[in-house]
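A.B. asks: Please take these sequences and the hints and turn them into a complete structure.
Chain by chain, the residues:
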Amino acid sequence: MVKNTALEFPDNKALHINGQYYSYSELFKIVNSVYNKIPKEKVFDRIGIYCNNDVLTYASILAVNFYGAAYVPLNNKYPSQRNQRIADESGIQLILSSSSEIKIISEKFEIVSTAESKDIGNSKIIQRSFQDVSYILFTSGSTGKPKGVPVTHSNVSAFFDHFFKNYDFNSSDKFLQTYELTFDVSVFSFFMSLMVGACCYILPNEGSKPVKIAEWLQKKHITVVSMVPGVLHYLEKYLPEIKLPFLRFSFFSGDALYYHHAIKWQECLPNGKIHNFYGPTETTIVCTSYAFDALKSKNESVNNIVALGKAFKGMEFIIVDEDLKECSKGELCFSGDQVIPAYLNNSNENKFFNYEGKRYYRTGDVASLNMNGDLVFHGRTDSQVKINGYRVELMEIENAINKITGIKTIVLCRKEKGVNQLVACIENDSCQEELIKQKLSEQLPEYMIPVKFIHTASFPLNENGKIDKQALINAYI
Amino acid sequence: MLIFDQVAIMTIDKLQEVFRKVFDKNDLVISADTSAKDIKSWDSLTHLELIASVEETFNVKFSFSEVMQFNTVGDMIRTIEKNTGNK
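One line per chain: the protein sequences are A and B, in this order.
Mapping the first sequence onto the numbering used here, position 463 (from 1) lands on 463, and the numbers just tick up by one.
Mapping the second sequence onto the numbering used here, position 85 (from 1) lands on 85, and the numbers just tick up by one.
Among the clues, some could well be false.
To be verified - Sample of chain B residues at the chain A side, in silico, Cβ under 7 Å:
#1 His47
#2 Phe64
#3 Met68
As the list claims (entries may be wrong) - In silico lysine-lysine, DSBU-like type, Cα no more than 35 Å apart, as pairs:
#4 B:Lys61 to A:Lys469
#5 B:Lys40 to A:Lys77
#6 A:Lys243 to B:Lys37
#7 B:Lys82 to A:Lys212
#8 B:Lys82 to A:Lys408
Quick caveat, the hints were computed from the structure, so don't treat them as lab data.
If you're wondering where the values come from, they're calculated on a predicted model, not measured in any experiment.
Note that the Cβ used here is the ideal one computed from N, Cα and C, for glycine as well.
C.D. replies: Below is the structure:
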């Protein structure tokens with residue numbers, strides 16, 4: 001499909017990266033050159049791409065796609081051990097890289113430099129089916145071992161089908177790609193743009209990311225952007241100064257979108273719509289959507305979090321209790337065209353189950369339906385802990401502290417002498433512990449009041465821009 | 001290498017203290033050319049924390065268009081001086 005748009009709009013700007021524009025015909029010359037570097041002696045059904053922020057990396061993704069193999073992005077910011085593990089787990093034999101500095105220690109992988117001028121002259125194209133894997137991404141596993149998520153062409157096709165049917169993206173649009181290529185929403189930003197003949201602007205990997213996003217939205221007259229809601233948290237104090245008349249669509253996913261952020265962002269967008277998306281990597285990027293509306297969304301927000309909306313066509317969900325019986329508020333589980341067939345190497349089978357003849361994926365997220373049939377988010381199943389035998393949702397305490405202080409708080413659970421204890425981590429230079437405790441005691445039972453309060457000027461984030469709870473635990477618990 | 005006058009040197013000394021506090025490194029030495037590439041922990045998060053600390057220390061409030069221009073310490077010095085009326 002991307003090839004068709006290249007033929008239809010050869011002179012349109014396709015990509016803007018590192019200060020340079022590439023037309024569709026220029027980009028496809030580079031894609032062809034990378035494609036011709038894939039060795040022809042062997043057939044590779046999975047190819048690693050060592051991701052740098054350059055045109056050759058993006059061209060490599062397209063080249064692997066045309067070749068017919070699945071691409072496995074390796075993050076140049078990851079430690080070598082993690083990349084090594086991903087490469088091992090996914091069974092890749094070949095890695096394409098635009099840089100000679102590769103953080104892979106093993107010699108068992110064939111590494112091809114896409115920057116070299118010499119072409120091998122590939123003639124092979126793998127015959128692939130819709131059920132074959134398009135890309136493999138890795139999410140952090142609870143065991144500490146990365147979990148491989150192979151997403152099929154059929155999954156991806158179902159995902160994009162939603163956008164072709166519900167949005168009017170066109171060749172004059174300008175998409176901003178804000179994600180690492182190891183984050184699945186990058187698939188949307190990059191491929192959606194190319195499939196409609198639009199231009200994809202790649203955010204430079206320098207400076208403060210939230211500031212850079214706002215700067216590029218303004219300067220490049222971006223019309224479509226997808227980003228994590230955390231960006232608004234960091235830009236909050238500057239939002240009254242930001243005006244984005246060119247921005248048509250602001251998409252959020254990957255974390256909870258807070259109403260008070262969304263309403264301020266809406267003020268920046270005289271002509272733009274905000275859509276909140278939800279979906280784990282296992283359901284192919286995102287699989288529910290909710291159109292934000294200043295008035296309606298206020299009433300529909302739960303714990304100040306904007307609703308997740310309705311499932312895409314072709315997706316079904318059920319909400320189940322601990323015994324996998326349907327209930328009104330419980331774990332959200334999905335079945336349908338976007339659900340991956342299995343984890344890589346069939347690991348974590350317990351995340352799937354069959355119900356009434358359908359295979360469901362357990363998201364680990366607690367949700368319910370509101371009066372309008374929109375899904376609303378309540379927290380994680382795994383953030384539920386027991387204190388003195390009482391069931392406690394950590395998010396409830398976080399929200400209570402947030403209401404008192406207006407400051408972002410994470411509540412963690414630690415075991416002290418075999419007993420579960422709650423610790424509140426507050427993102428601030430100081431913390432009025434006694435005052436917060438006193439106010440909390442007015443709202444919550446004693447067992448829900450954290451025994452310890454710590455404060456830090458800023459929460460550590462993982463590579464996807466989410467709060468790194470593990471790092472907080474390592475530092476303070 | 002950027003060349004600064006006496007006022008700028010005083011500003012950079014004061015800034016250095018802010019940097020040392022934010023990045024929790026007592027031996028950190030900055031110059032007008034110092035950018036995020038030179039300080040490992042200077043990321044998206046600390047960038048905004050740094051700006052807040054600079055605002056507090058120099059009793060200034062940066063606009064977003066000014067914040068967008070902060071690529072080096074030199075950029076910060078120029079903006080601080082503009083805001084404090086030293087230039």
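A.B. asks: Evaluate each hint against the coordinates.
C.D. replies: Hint check:
Hint status for His47 of chain B relative to chain A: holds, with the closest Cβ pair at about 4 Å, below 7 Å. Interface restraint check: Phe64 of chain B against chain A, minimum CB-CB distance 4 Å, threshold 7 Å, status holds. The interface hint given for Met68 of chain B is met, as the beta carbon of that residue sits about 5 Å from the closest beta carbon of chain A, less than 7 Å. A C-alpha spacing of about 32 Å is found between Lys61 of chain B and Lys469 of chain A, which places the hinted pair at or below 35 Å, so the restraint holds.
Of the pairs offered as hints, the one joining Lys40 of chain B and Lys77 of chain A holds, with about 13 Å between alpha carbons and a cut-off of 35 Å not exceeded. The hinted pair formed by Lys243 of chain A and Lys37 of chain B meets the criterion: a straight-line CA distance of about 29 Å does not exceed 35 Å. At roughly 23 Å between alpha-carbon atoms, Lys82 of chain B and Lys212 of chain A fall within 35 Å of each other, so this suggested pair holds. Using a Cα cut-off of 35 Å, the hinted pair Lys82 of chain B and Lys408 of chain A holds, with the two alpha carbons roughly 33 Å apart.
When the structure is compared with the earlier hints, no violation turns up for any of them.
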